[in-house]
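Visitor: So the chains spell out like this:
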Amino acid sequence: MQHQEYQKYYVPAQSVWPIVGAVALFLIAVGAGNFVIETTRGESGYGDNILAVGIVVLLVMLFGWFRDQINESMSGLYSDQLGRSYRQGMSWFIFSEVMFFAAFFGALFYARVIALPWLSGESNNAMTNEVLWPGFEAMWPLIETPGGVSTTAMSWSGLPTINTVILLISSVTLHFAHVGLEQGKRKQLTAMLGITILLGCGFLFLQVEEYVHAYRDLGLTLQSGIYGNTFFLLTGFHGMHVTLGTIILMVLFLRVLKGHFTHDNHFAFQAGSWYWHFVDVVWVMLYVFVYVL
Amino acid sequence: MSKATDIVSPDHAAADHDDHHDHHIPKGLMRWVLTTNHKDIGTLYLWFAFIMFLTGGAMAMVIRAELFQPGLQIVDPNFFNQMTTVHGLIMVFGAVMPAFTGLANWLVPMMIGAPDMALPRMNNWSFWILPFAFSILLASLFLEGGGPAFGWTFYAPLSTTYSGDSTALFVFSVHIMGISSIMGAINVIVTIFNMRAPGMTWMKMPLFVWTWLITAFLLIAVMPVLAGAVTMVLTDKFFGTSFFDAAGGGDPVMFQHIFWFFGHPEVYIMILPAFGIISQIVPTFARKPLFGYASMVYATASIALLSFIVWAHHMFTTGMPVAAEMFFMFATMLISVPTGVKVFNWVATMWRGSMTFEIPMMFALAFIVLFTIGGLSGLMLAITPVDFQYHDTYFVVAHFHYVLVTGAVFSIMAAVYYWLPKWTGRMFDITLAKWHFWCSLISVNLLFFPMHFVGLAGMPRRIPDYALQFADFNKWISIGGFAFGLSQLIFLWVMIKACRKQGEPVSSQVWEGAEGLEWEIPSPAPYHSFETPPVVK
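Listed in order, the protein sequences are those of chains A and B.
To convert, take the position in the first sequence, counting from 1, and add 655; that gives my numbering.
To convert, take the position in the second sequence, counting from 1, and add 255; that gives my numbering.
Honestly, the hints are just simulated from the structure, not real lab data.
No residue lacks a Cβ here, since even glycine has one placed at the ideal position from N, Cα and C.
Keep in mind that a hint or two might mislead.
[Claimed, not checked] Listed below are several chain B residues computed to face chain A (Cβ distance under 8 Å; list not exhaustive):
no.	residue
1	PRO325
2	GLY326
3	ILE329
4	ASP331
5	PRO332
6	ASN379
7	TRP383
8	PHE387
9	SER418
10	SER428
11	ILE441
12	VAL480
13	THR490
14	ALA502
15	MET509
16	ALA603
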């Protein structure tokens, strides 16, 4: 025990990217805040410009940070211990994302199970209904709000079902890409990863179609009461995550073409793949609770 | 526990380093801006927290000045509301949480035998987000219409229908604070999971490490929920959604559910590391191993799990079925069991110990007594029928200031005095520190104890004026407040002297009874504590 050799700790060197990232988030927060204020007031200001600069700085930071990281990894600087740290860190990050979606799912369940029945007089709220919202009846999807805004429900058949199939297939193809990587079958890896990216893009395209359909044909908008609110925020945040996931997969694809990753050293691939599977699972939840039920 | 931490062969001299992270420390401002060193980042966190503590404290002084006598005299009510709001936000997110993160940065790697945090660059990012986030929040005070004035809990519709435009800036600054907290927590958790020295098994870990591990889990679980809550506030206020508006099928009470689902674990985020600190300090100065180490670990975990099912005790008066009120009342009371285990264990550790009363121990003892007072008033508040009387009165203010000021803040001061000689290599000015302790102890009780009485008599929170019968107590509360604020300047003085390396050099153990890996490396601790893992027997 005493003379056992332990792998030396690897401590990464200083880097300029974290502070660049902090400045980027500062610009994004200031820009977004002012942009929101200016838009609602109908004024023109600098909010959108600051926001744009912030996003550009963030992209530069991400590019630079990942470039350094990839170079360090490719030159064999990293230890197994660091690899474990990255994997664990990514898992906890995904857990935090789960909790973010949980807040919106929580809002959905609360509205359906508690808020709407109470507004229609259940439990001890008969007077709430009679005095404040006379004639209101709870229903889901809520196509007529207590305040009198009406809308149309999004059907679960059609686009949402197609999109479910697309994402489920993409999870499978990504899994086979991973298997190909682990078994050294680079062709399978490239092909399957490419298909996954195409499926991701297809999903996003159909999602945009669905939004256009909702706004143009169904009158289902962000302002259509709690149904529209939860619908657009849940699917919207999910769509943002699919977009990010697709970009991650594209970067992985370029790295695969450059010959990066080996069968036992491919943290970035694993992280990207975990992220994609996570996004798929969220979609399945969405499909069940937002569309079908 | 006591025998757990003998180092067998941490042969620093023989360790071959990579040349890019050797012992030469970069100089000047860029050292701090670019640093990836856990000690530098810990120092940054701690100083940031202290500056925020003084800033939030200055706001408390404005509040107490206004409340010195009945009637409106110094500030207008809207500004008063901004002060209570931003005081709360700054103290929670800017002072207490960063101070604990700073302590975790400094101590966790040293305590588990690691050279640094697991993800040092992300560590730098998490810190440097904070000054930017808080400058946005503070700058919003100077906007037209003023800063956030809806209380730190930003209940809808106060924060949606009735708030100013600066709400957008509030929302985005909370977003980036949350990003910072989540990254910091991921870093702590991964460090503890993955960087422990060989032989540092789970049940040998110092309790500060255990409590921070569980705290980090809570942070990752609930900060995203806060992000969701502020996002819904943003869309409700600016984009026409109606999450918290009954006209659209939402519910303002839903806001409170989502907020307190975050908010209650948040309360434990601010106290679990304090439990860890006290569990480190008491055994040292009682010269006995901690009584019931394993039960301390299980109690911490139980408190954390229970913290997810008690949130609605903040909302007894806002509308819930009786069955739910009963559930949340009993679940809340259940928390007093593991908390009681902790207090019992601290007392049992001291029982028949060879006690001495150095500064950290004085703060720790004050913590145990005064935190228990805060815990007992918490039990009173947990009883649903009587909470109808206490709700939104100064009794609540007294309760949470006892647990947060004489609890969390006193534990942070205890920790700073306990580990400061390890950080600087020199003993701080003990005479000044004693002044700091006694002035703080007396003034803090003058400040918060009478709040129980005015609260029970019905004085409401968050109101700049009050009925005449509360005048005498409020005068004394304000005097206590000013005295407590001034006492912290002594603390500032002690810290400045310590950072200027004044004082007698100390040994590596510093305190006679101190045990643990951090006391076996030299004082001041080397830039990278452990180049190769020490072996813990």
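Visitor: Take the hints in turn and mark each one as holding or not.
Guide: Going down the list of hints, with the structure as the test:
no.	hint	result
1	PRO325	violated (37 Å)
2	GLY326	violated (35 Å)
3	ILE329	violated (29 Å)
4	ASP331	violated (23 Å)
5	PRO332	violated (23 Å)
6	ASN379	holds (4 Å)
7	TRP383	holds (4 Å)
8	PHE387	holds (4 Å)
9	SER418	violated (12 Å)
10	SER428	holds (6 Å)
11	ILE441	holds (5 Å)
12	VAL480	holds (5 Å)
13	THR490	holds (7 Å)
14	ALA502	holds (3 Å)
15	MET509	holds (5 Å)
16	ALA603	violated (34 Å)
Violated hints for the displayed structure, listed by number in ascending order: 1, 2, 3, 4, 5, 9 and 16.
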